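Peer 1: Given next are the chains, with one letter for each unit.
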Amino acid sequence: MTKKILLTLLTVFTIGGTAVFAAGTEPDFVEIMEGLDMRSNFEDIDFSSQLTIITEDPEDGVSKEVTNQFRNDNNDEMMMITLEPVSQKGQGMLKVGDNVWMYDPETRKFTHMSLKENYGDSDAKMNDFGTSSYAEDYKVSGYTEGKLGDYDVWIVEWEAVNDEVPYPYVTAYIDRASELLLMTKEYSLSKRLMRSSYYLKYAQINDKYISTQMIFKDETMENAKTTIAISSISLDELDDSIFTKSYLERVNR
Amino acid sequence: MEIFKIAFRNTSRQARRTGLLAGAIAFGTMIIILLGGFTSGLTENVKENTAQSMAGHIYITASEVTSGGLEVARVTDDSVIIDAIDDSGIEYISVSHRTNFTGSISLGSRKTDQEIAGIKVDEEQLLLDSLVIQSGSLEAFVNDKHGIILSEQVAHKIRAAAGDGILIRLTTQTGQNNLGEFTIAAILPDEGAFGSARAYTHLEYTNELVNMPPDASETINITLTDMDDTATASAMLIAEIEKTVEIMDSAEQVEALMNDDGATGAMIDAMSESVGIDTEETETNTRMMPGMSGGGIGGMFGGSIVRSELPPGTVTLRLNTIDDYTGSISQLVSTLNYISYGVFAILLLITMVGITNTYRMMMLERIKEIGTMRALGVHKNQIRNIFLYEAGITAFTGAAAGLVTSAVIMLITGLIPFESTGNMTMLLRSGHIGYTVNPVTVFSLFIVVVLFSMIAASNPAGKAAKIAPAQALRTTN
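First to last, the protein sequences are chains A and B. For the first sequence, position 221 (counting from the first letter as 1) is numbered 225 according to my numbering, and the numbering increases by one without interruption. For the second sequence, position 317 (counting from the first letter as 1) is numbered 891 according to my numbering, and the numbering increases by one without interruption.
To be clear, the hints were calculated from the coordinates, so they are not data collected in a lab. Fair warning: there could be bad hints in the mix.
In silico DSS-like cross-links for lysine-lysine, where the CA-CA straight-line distance does not exceed 27 Å [as the list claims (entries may be wrong)]: (1) B:LYS694 x B:LYS719; (2) B:LYS579 x A:LYS195; (3) A:LYS68 x B:LYS719; (4) B:LYS694 x A:LYS195; (5) A:LYS229 x B:LYS731.
Computed, partial: chain B to chain A, Cβ under 8 Å [unchecked claim]: (6) LEU741; (7) ASN752; (8) SER904.
In this text the structure is predicted, and so the values were computed from the model without any measurement. A virtual CB, placed ideally from N, CA and C, is assigned to each residue, including glycine.
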C-alpha cells in the first residue's frame, strides 16, 4: 500500500515537474514579436531598395512592376516610385505616418489612400512595405510546435488588439532557430483564410533582417499571387526632401 | 362682337400669308413646349429613378467616432430620428434602414467590384415589388440570410447563375478585411450602368460583415408621399430634430454634446442649411454622404478611413435630400430651359417683325376698305381692334397648332422603346422618353404669344385707325 502511495506521488511529481519545466521553457512570444519588429525596422538609418513586383491574376494575366523604395522609419516615412512598366513610370506612393498618397503623373493629382489597401493591382498591402508593428497590434492567443519544410517552427496564433489592422487573425510560422517569420496565414474577421504570405529569403544588414523574396497568395481567388523581390539594398543617407509631394512632382518633370 | 367676326373672317382672306404667320408662331410654341416637356420629364425621371435606387427622398446619416478615433458612418440609436419623423407631421410612405458597402465579388477565378445595399426586407416592400426577376426568385432572397440579388451584368461577368455560391471580399468600417459567403437568390435583367449598381443583401448579415451592430444602419431613408415636398419635409424634420438635439457650430464641435438621457453624444452638423436650397451649403453638406461619386449612397467601406478630431463617442447627424444628388441634372435642365427660352425669344422677335410688316402691308392693301368702313360710321377704335383681333386670332391659332403638333410628337417619341444601356436608363421612364408638361406654363405661353403678336400689330393697327375716311377713299392703290 505504501509502495502504491509512493509510486503515485512519484508519478504526480514527475508529471508536475515536467509541466513546470515545460512552462519555464515556453518561448516569450511578446519578445519574439518585438524582435520581429525591431529587426525589420530601420529606425536609426535610412533604407532604400529596388522592388520587382510580379503579379499573377487569373483574369488580367501576369504583370511586372519595378519600383524604387525609400524608407525613413525614424519619421515613419516611405516613398515608392514606379520605374516600370513605362506606361506607369513616375507613379508614386508617399507615406507619412498614417497618411498615404498615390500620385499619378498623367493627371498630376494625389489621391489619399489607406495603408490597408492593396498596392496597385498586387496582393500586397501598402503596409507590407513599411515598418512592422506586430507586437503593438497583436496578442498571442495560442501556439504549437511544428515543421515548415525543413524548418522547426512555432506556429503562433495572433489576434488583433485593435480593429484597425487589415487582418484581425493571423497564424504566424516563426523559425525557432532564427526567430524570423517564414510564413503567415491571414484571416478575415469572419475567420476565413484570405491571404498566405511566404517570406522565402532574408538579407542580413548589421543586426537587421529584410525579407528579399516574398510571395503573397490570395486565398479567395484561384491562381492569384504576387511575388516581390528586393534588390539593390542601400543604407545610404537619404535627403529629407525625398519624402515630400513636391519630390514626386519634381521627378516627373 | 361684329368687329371680332370681321377680324376672324379677315384671317382667311389671305390664307397663305396668315398660314405662314401662324406656322412661325406654331413652330416657336412647339419648340418651347417640347423642350420644356422634355427637360421637366428628364428631371422628374432622374429624381424618380434616383429615389428608387437610393430608397427614398430624404437620407439621414450619422457618423460616430470610435474609441480608436476613427469616424465611421453608422446610426446606432435611431430613436431620435424615428421620433422626429413621426412627430414632424411629414407625409411619408416608408422609412428604411440601409447599410451600403463596396465589395469584390468573386466566383472561382473571376471577380468584379460592386456596390451593394444591405436592406431590411420588411421595410423595402416597394423596392422588392418593383424588381423584375430574370432568374431565381424573391422568395429565395427573403428566406436566406446569405441571399444576394445581383444584376445580369455582374452575374455574367463572374459567370454565375441563380443558386451559385459566391464570395464577397470587403473591408469593415475600420478597414479590416472580411469575407462574406452569399448565395445568388435572384438575378435582375440588364439595366445598363444604372442597373449594374443594383445589388441587395440582407442588412443583418451586411452589418455583421462590416462589423456594425445588428440593429444599426448606415443611413435612414425616407420615401415621401410626394417627391415635390422634399424641401418642405426636410425643413420640418430638421425643426423637429432640433427640439431634442442641440445645433452646434463647427467651433463647438470639439465639445461633445449629450442627449437628454446623457447616453449618446449627438449633434446635427449644419442641418438647418441642408435642405438643398442653398447650393453652397448643399455642397458643404454632401461632403459626408459617402460614395456618391461611385454611384448611390455607399462606398464608405473599402474607401479611405477618416480619423476624427472629435472625442470618441461623438455622433454627428447629417441630412441630405434627393435634390442634393440631382443638382447637376437640375443645372443641366435649367441651362436647357434657358436655351429654349432664348430660341423662343428669337423666334418670337422674328415673328413680331413679320407680323408688323405683314399688318403694315395689310393696312395699305385695305386702305379703301378702311375708308369705306370709317365713312359708314365705324369708329377708329373698332378699326384698330379689327387688326389687333386678327393678330390675336392668328397667334392663338398658331400657338394651338404648336401645342397639338408638340403633343403628337411627344406621343410618338414617347412610344419608342430605348435600349436601356449606360446612364441613359437614369433619364428614361420605363425605357421610354418621359415628358412632363405643366399646364400653367402652356397657359402662360399662350398669353405671351397672343399678347406679343397683338403688340407687334398695334403700330399698323394704330396707323390704320388714324386714316381719315376721305383720304382713304382718294387712295388709288
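Peer 1: Hints first: check each against the structure and report whether it holds.
Peer 2: Here is how each hint holds up against the structure:
no. : hint                : result
1   : B:LYS694 x B:LYS719 : 11 Å, holds
2   : B:LYS579 x A:LYS195 : 90 Å, violated
3   : A:LYS68 x B:LYS719  : 41 Å, violated
4   : B:LYS694 x A:LYS195 : 25 Å, holds
5   : A:LYS229 x B:LYS731 : 21 Å, holds
6   : LEU741              : 6 Å, holds
7   : ASN752              : 4 Å, holds
8   : SER904              : 28 Å, violated
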